[in-house]
Structure formats: C-alpha cells, structure tokens
Amino acid sequence: MYKKKLYGIKFIIPALVLYTVLYIIPTIAGMVISLTDWNITRPEIHFIGLQNFVNIFTSRGGQYMASVGHTLEFTFITVILKTLIGLGLALLLNKGLKSRNMFRTIFFLPYALAPLIIGISFVSVLKPEGPFNAILATIGLEGLAHSWLTESATALGSTMAVEVWRMAGWNMMILLAGLQMIPEEYYEASAIDGAGKWKQFCKITLPFLRPSLMLVIVLNTIHGLRVFDIIYSLTGGGPGGLTEVINTLVFREFGMGRYGMANALNVVIFLITVIIALMMQRVLSGKESNE
Amino acid sequence: MNNNMKKVIKFVFIALLSCVIIFPLYFIIINSLKTVEESRMLNFSLPSEFQWGNYIEVIKAGSLVRAFLNSMLMAGVSSIIAVLVSSMASYALSRRRTKVHNMLYVYFFLGLIAPVNYVTTLFTLKFLHLQNTYLGIILEFATLGIPFLVFLYYGFFENIPKELDEAAVIDGCGPFQLFFKVVFPLLKPATITGMVLNFLGAWNDFVTPLYLLSDNKKLGMTNSIYNFFGEHFNDWNMVFADIVLTVAPIVIIYICGQKYIVSGTSGAVKG
Amino acid sequence: MKKKRVLKMMAAGLAATMMVTSLAGCGSAKTNEDTAKSEDKKGGETITIAASTGWVKDIDKELAAKYEKESGNKIEWQISPDDQYENVLNSKLSVGEGADIFYIRSGITIKKYQPEKYMMDLSDQEWAGRYTDWAKEGTTYDGKVVQFQTWSVDGWGLLYNKDIFKEAGVTEVPKDYAGFKDACDKILAAGKTPIYEPGAAQWHLGTWLSEMTTQTEADSKEFYAGLNDNSQVFAGQKDLTTALDQLVEMDKAGYFGKDFMANTWEDMAAKMATGDYAMGLVYTTFPAEVEVVNAELTADKWGMFPIPLNDNRTFGVSAGGIGRCVNKDTKVETAVKDYLDFLSQPENLTAYYEARLDLGPCSFTDIPGNVPASYEDVMNNSESSGLAAEDGVIFWDSTQVGNLMQSVFLSGASAEDVLQGIDDFRQPSLGE
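Chains as they are written, first to last, in this note's numbering: chain A, 1 to 291; chain B, 1 to 271; chain C, 1 to 432.
So here's chain A without its partners, still in its complex pose:
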C-alpha cells in the first residue's frame, strides 16, 4: 500500500501528458490519415480504407517496394558493422591505455554532429576530386578511387559507410558501459584457472555483455529502418533511386502533398520496425527467459 502513495501517479503524469499530447496523439492522427486519400491539391478528403497500402505493394512500377528493399539492406548491413566495430572499439578502450578517455571522446564525436552537417561535409569529402580519393592516391590505391556517391556500385554502400562512421562510437559507448559492469574478479579467477584471452572473451565477456549487445542491436535496427537525415543530405535518395529508402520516399510524397500515402508509408515502417524488434527480442533474449 505504501508503494501506491510513495510512487504515485503524480510522478508519471507530467511525462505522460506531454508524451501523449505532443507525440502519441499526432502519431495516431497520422495513422488515421493513412486511411484517407488526403491530398493537399484537392479540397475533399475521403476515407479509402486500406487502398494506400494496397497501392504500396502493387503499383508504381515497384518503386515503393524497391525503397523497402533498400531500407532493409541498409539496416541489415549497418547493424552488423556498427555493432562489430563498436564492440571492437569498446574492447580496445575498456582498460589499459592511459589515453583511453581521449580516444573515447574522438570516436564518440561524430555522434554529436548533426547528420545534416555530416552529410554536407561528406558530399565534398567523397567527390571524385575530393580528399578521400586523394588519400587513396597517396597510399598507392588510386585504382580504388570512385565517384562514391554517384556510381551505381558504390552509392548505397557509401551512405552505409558514412552512417557507420557516425554511429560506431555510440555503439562503443553503450558497450563500454556494459563492459564496466563485469566484475574484475571473474577475469582474475579464470586467469588463475589458466583460461586464455579468447576463452575469457567467450565465457565471461560475451555472456555478461549480452544485455548491452541486445540493446545496441535493437536500437541500431530501429535507427536503420528509420534512416532519413544522412541519406537525404548525402544523396537525396538518388542517383536514379539507388539509395531511396522508405523515409526519403515519405519525404517526396509529403512534398507532393499526398498526405494519405505519405502516412501509409510511415505506418509501414512502423509495423516493420515493431515486428523486427519483437522478433529480435524473442531471438536474442530467448535463452534468458527460459532460465
């Protein structure tokens, strides 16, 4: 009973009200709009049920579906790279090394920059005559030079690379938090038992890191599926639609005033994200809940 009094609803109300009024209500309103043909260029709005969703999956020369494909591809590859690189950095910078705080700051720094600014900057970095190709030439790899953001072979990959550049440090930070919670004694004890580094990693580090790994994977997935800023400022979904993801398409549809369809696409990302997040939760935490 004391709980009710001590941790009363008063504590939750402010956040709940703000969040419901300024986040959930507008979002639900958006979902309702997805069931209409609201188009800014026409005066009347009609309720059309699931027609927008049918259109996404059937019409327009498969353009809508292509963007879904790009989104999934982008998400899949960036999740793997961000997590692995983040893990590598976290292990390297966990202890030892006096200068580790400085390096942590450096690697986390890109996360502090606005994606828009990263985009503007990398457009110039990745130009054919830009500094990235210049560096390649300096180290004798001019054969690898590309017009990174505008060739069909490299456009989507380049946007992924920039995203990984931006987020790897953030992954590192969360994983570091996880690493620091592993009691030192475990390592000491296993060292006495004669366990090697690799064995320690598999038997101690990974199991303890499981919750934080799960967290970064889920959050990376959510970020990946909702990607917009970075692609928008790097390529705008081009060239030739090669980097078109769902959210750049939403942006286009909004631009054309087709609010019904734009919101329908939003709902699609939302559902895909929920489904994937739930599936991952299942798979990743499956063991734990059995215990």
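Some hints here could point you the wrong way.
[As the list claims (entries may be wrong)] DSS-like, lysine-lysine: derived pairs with alpha carbons at most 25 Å apart:
{"hint": "1", "chain 1": "C", "residue 1": "LYS258", "chain 2": "C", "residue 2": "LYS192"}
{"hint": "2", "chain 1": "A", "residue 1": "LYS95", "chain 2": "A", "residue 2": "LYS197"}
{"hint": "3", "chain 1": "C", "residue 1": "LYS117", "chain 2": "B", "residue 2": "LYS60"}
{"hint": "4", "chain 1": "C", "residue 1": "LYS258", "chain 2": "B", "residue 2": "LYS126"}
[Claimed, not checked] Between beta-carbon pairs, the in silico distance windows are:
{"hint": "5", "chain 1": "C", "residue 1": "ALA190", "chain 2": "A", "residue 2": "GLU142", "range": "23 to 29 Å"}
{"hint": "6", "chain 1": "B", "residue 1": "ALA15", "chain 2": "A", "residue 2": "GLU129", "range": "42 to 48 Å"}
{"hint": "7", "chain 1": "C", "residue 1": "ASP259", "chain 2": "A", "residue 2": "GLY194", "range": "55 to 61 Å"}
{"hint": "8", "chain 1": "C", "residue 1": "GLU383", "chain 2": "A", "residue 2": "GLU142", "range": "45 to 51 Å"}
{"hint": "9", "chain 1": "C", "residue 1": "LYS175", "chain 2": "A", "residue 2": "ALA137", "range": "41 to 47 Å"}
{"hint": "10", "chain 1": "B", "residue 1": "LEU164", "chain 2": "A", "residue 2": "CYS202", "range": "36 to 42 Å"}
{"hint": "11", "chain 1": "B", "residue 1": "LEU164", "chain 2": "A", "residue 2": "GLY49", "range": "51 to 57 Å"}
{"hint": "12", "chain 1": "A", "residue 1": "GLN51", "chain 2": "C", "residue 2": "THR334", "range": "41 to 47 Å"}
Simulated from the structure, these hints should not be mistaken for laboratory data.
We put the CB at the ideal spot given by N, CA and C, even for glycine.
Based on the hints, put chains B and C in the right spot on chain A.
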C-alpha cells in the same frame, strides 16, 4: 617489456583508427580558414594565409549570435524539462511494476519507434496556441527525448536500493521530498547523460523547427547553417566555418559531460 | 553538500520554467499589442512572408527594410531551405498556418495549391494593369490574377562558348541532332569537354526533358491539355524516347566528360568560366553569373540555341518564374496590398532588377528589366517557343524526372521506363 611492446602497438593501432574520424574533421576546420578559391580545391593543404575573418563574416551574415542564443534556450530548457519529467516517470514505473505500470513502460518505449508526424504535431500545437512560440518547440523537443530517457533511467533505478526509500520514509520524508532530496542526486550519471543526449538531439534537429517555428528569427544554429548553405553553396570556406561554429558548443558540452556518459548509460544496458 | 546541489538543480529548473513562461508571456503580450495598435492607426502590422532560400536575395531584404521604414509595418521572413520549402508550405497551409504572402512558381503550379481556397484575387490591384502579357498570363488562374510577380520569362537553352566553337572549327550553330553530334565530336577532338552537365542535380537532368516536351506540344497542340485532364500519358511518346536515347548516346560518346553524375549545379558557373567546357544547359541570364567568376568571359562571348535533340527547334520558356500569392485568410490584407503596391513602384522595380542580374525582362511594362543577348540569340535560333513542361504540365516534377533519368545512365533503364515512371508518379495526384 613484451607487455610494453603490446601497449605501444595497441596505441598506434588505435591512433591510426582514430584518423578515420579526425581526417574529415581536420578537413572541415582547415578549409574553414581558407579563401574561397583555395577552399574550392577541397584538399588537405594548409591555407596560404589563415583567414580568421571568415568566422566574423559568417557570424554577421548568418546572424549567428541570435541563432546561438535561440539554440541554447531551446536545447537547454527542453533538456531540463525532459530529464525532470522522465526521471520522475521512470522512478514510479520502475518501483511499482504492476501490470499497468509495465504497460505504460511499453507505451513510452513505443516512442522510440513511432513515426513523428509534423503536420499533425503542428496542428496539435496550433490547437494549444503554441505554434511558432519558444514554449511550443521546447515542449516538443522535451517530448521527443522522453522515450529514450525513460528507458535510460528505468534500468538505472535498479542500482538504487529500495531500502534507501524505506529509510527515508521512516525519517519522515514525503514522496516528492524523497525523490528530489534522496533519489535524484544519486541519478547524476544518468541525468547528465540524458541532458547531454537530449541537448545534442535538440541542437542538431533541423526538421522540427522548420515546421513548428515560422519566424526565421527564432531558428537555431543548425537551421541557420542549412539556410546559409542554400545561399552560399559555393563558398565552402564559409560553409565550413559555419559548421565549426555550430558544432563547437555541442562538442564542449559533450566533453564536459563525457566522464559521466559511460556510467550513465549503464542503466540502459541492465536489460 | 548534496542537498545544496539538489536545491541548485531544482532552482535552475524553476528558473528555466519561469524563463519559458515569461518568454511565452512576452510573445502573447506583444501580439496583443500589435492587434491593439492596428486598430488605432495604419502601420504597426506584421506581414509574414514565406519563401524558399534561393528566391529571396539581399535586395528583397533591403526593399523590405525600406518599406518597414516608410510604412511602420513589419516584415517577418519565413525562409526555408529550397528542398524543404514545398513540404513546409504544404503543411502550414493545410493546418491554416500559412504566411500572409507565400512564394510559388507561376504557371500551372498555381493550380496545385488550391487557388480557390488559399489565394486572394488580386485582379483589382493597380499594378495588375501594368503587367506584361506573359506575366499576366503566368499569374492568372481562372480569369483572376492571383500572384504578384517580379521575375522574368526565361527558358533553358544550350549556351555555347563562341571561341571554343571557332577553335574547334564549328562554324554553324547546330540545327539538328546530326549537326550537334558533329559539333561535339569536333570539340572533343580539340581537347575540350563539349558539355558541362550537373548530373548530381536531378532537377537539371529533368530540365532537358521539360524543354523537350515543348516540341511535342508544338507539334500536337493538345498534348499538355491532355496531360492535365488525364486523358493523355507520357508513355509511348516517340519524340521523347528518341531525345532520351540520344542523350544516353551523348554520354556514351563522352560528350559530358568523366563522372558527369558527380558534377554539381553549384559548380556550374565556375566550371563554365574555366573555358574547359564548350556548352551547358542554362537560362539566358547565365553569362552574367559566369562573368562574376571570370571577368574576361563577357556576355558577348556566348551564344545560345535550343536543345537540338530529336532535331528540335522550339525553345521552352517559363510562365514568368516565381510569384507571390496573398493568403486568402490573411488578417493584414491592407498592409499586404500596401506592400505589394510599394514593390511595384517603378523606382523600386528598377532597384530590384538592377540587383537581380540573374533575371531577364521585367514583369511590368514600366521598365525593361534586363534583356540578355543570349535571350535574343536563342529566340533567333528557334523556330518557335512555348511553355516548358515545368510550367505547362501539372504535377510535373523535374527532380523526380531527373531521378528517373539518372537510372537510365546508371543502371540501364530504358527511355520508355522514364516516361512510364513519370506517368506513375503523376497518376496518384491526378486521381482516378
């Protein structure tokens, strides 16, 4: 000896890796100090003469002083509000854990996934007569931060023993006294992490203000750079100078909060 | 110690909240004052103006400042980045938060923004009587003038460097595709790049096709009308597929140079100024921008002709560029009309066009504006002119068209795919 060797190799390896981050940043800074012609070459070379005047020119052309104050106000106040309401909500959610509370937690978590809709948000703000006001955008920025902050605090509360609450109650603390005097100070790492992350988010968000604020005079740094880029797209030196100015404050804030961020994040990874 | 810190933090929070409320208070108090004032006397009103970054130059701000001084009214700019402007404008209009004055393209674009609902009829304004014919036509919807325009009719043609043509031995302005190819080959042989094409700017690629549709319209006369009432489609238009195929052929022959898809529009004036490129698809006032970069390349060093793909001889023009619409729901109608009146004064028009060297002839008959040599040149080299698709075909979107065209160069889509793609993205807006 062997150990020292290893350390050196590790250091060199990490230092090389960090070049991947440093080179682009160096590129931006060095080019912000060149003349227009030099900056158009887009290379790493030092400027023939350092053009510190670029910065003064950008500050004038972009009305950056005003934009800076706007950004500080919007990002700063919204972070404080977000941290306060989120920590309180998370506290009750984490301590109670009834079915209703668990559902509320999931409800907040959905905000990490649900799409933001600017048209309907603008409509809501208009309904509340908050469109095109600082208050409106501050509340919106605070709201956008709530889902992640609730999540961050939620796990963190597990580190704080409930016995503490009980002891305080026996000493005669009321619920709010208990929270603000006893519990909240213990949340410092999470609070600072949350403040920094929310601050970054609000500072870097250029889309939300575009829709919710009309008056250009109310826009912050990141929007100013977007407008600036539109007008001076070819003056890379100016664009880069503007970028440096926009980024510098958040880098400072980040570095100040940096030592808490790892421990602050630990709440989120409790699982 | 700890207590103190908590108190401090709470105090900071409190102070912040107070700051916000007082700020909000300030805001509302001010608006109250404003409305109170406007009842008292003329002046003291605030006019909000929404526009895209690229459309508002220093001279606009200067004239606005002058107006503020003269009238006592205030101008509040709501400028959004070019690529966000349409989205922002759309949402603000639909929520009823539109600015008092908002900029949009003249011509068919007006129809996209529900003119009956959002635009005030300005036909009775004194300045409307001083419009040139093309300005009047471009700003009129359903018989009513709905825009105040100070821009200029212009089109996109191929600007060529006369010296490079001479050096390469191109003696005649290309009149058909064969002649065009021949000229490009000669230029290539002379060691120059025939054309600078900013392939990264999707809208610029789309502009090629927007120009080419003018030819189709000139031949059939019913093409645009059909497209606009949804009885006609792009798919299967032989003229256009031929033009697109020829564009790809040009790329394969190396006329655009290496990596043209990475070329940006922002670089175009500087690149044309280097003298390494013989031609580029630009508007007629472009030489002025080149001259800013390289003073030696004066306007008389350039000539212009219509895109000769598919042996085209028509020059596609705009409906006069960009105009200002007055929001039907504006609460400061008198002030807005007063402001437009002010801008239409010959004195201010002169100042405006003198500052805007990127604009050609003036929308009003009072002053000539700037008539660039290239404009006369391209007209002489054309057999006819008409509205380009951008201002003649509703829901045309050069950016999206360019996006489709990029895939022809990159991933081997066909010309027919592009046309089909245009129909596909227009269709949902045209309705059933």
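Going through the hints against the structure:
1. At most 25 Å may separate the alpha-carbon atoms for a hinted pair to count; C/LYS258 and C/LYS192 meet this at roughly 12 Å.
2. A hinted pair counts as satisfied when its Cα atoms are at most 25 Å apart, and A/LYS95 with A/LYS197 qualifies at roughly 14 Å.
3. As the CA atoms of C/LYS117 and B/LYS60 are separated by approximately 40 Å, the hinted pair breaks the 25 Å bound.
4. For the proposed pair C/LYS258 and B/LYS126, the alpha carbon gap of about 51 Å is over 25 Å, so the pair is violated.
5. About 28 Å separates the C-beta atoms of C/ALA190 and A/GLU142, a value consistent with the hinted range of 23 to 29 Å.
6. Between B/ALA15 and A/GLU129, the C-beta spacing of about 28 Å breaks the proposed range 42 to 48 Å.
7. As the Cβ distance of C/ASP259 to A/GLY194 is approximately 58 Å, the hint placing it in 55 to 61 Å holds.
8. For C/GLU383 and A/GLU142, the hinted distance range of 45 to 51 Å is satisfied, since their beta carbons lie about 49 Å from each other.
9. Look at C/LYS175 against A/ALA137: about 44 Å separates their beta carbons, and that is inside 41 to 47 Å.
10. Between B/LEU164 and A/CYS202 the Cβ separation comes to about 37 Å, which falls inside the hinted range of 36 to 42 Å.
11. Our hint of 51 to 57 Å for B/LEU164 and A/GLY49 holds, since their Cβ atoms are close to 54 Å apart.
12. Under the hint 41 to 47 Å, the C-beta atoms of A/GLN51 and C/THR334, about 45 Å apart, fit the expected range.
Of the numbered hints given earlier, the model fails hints 3, 4 and 6; all others are met.
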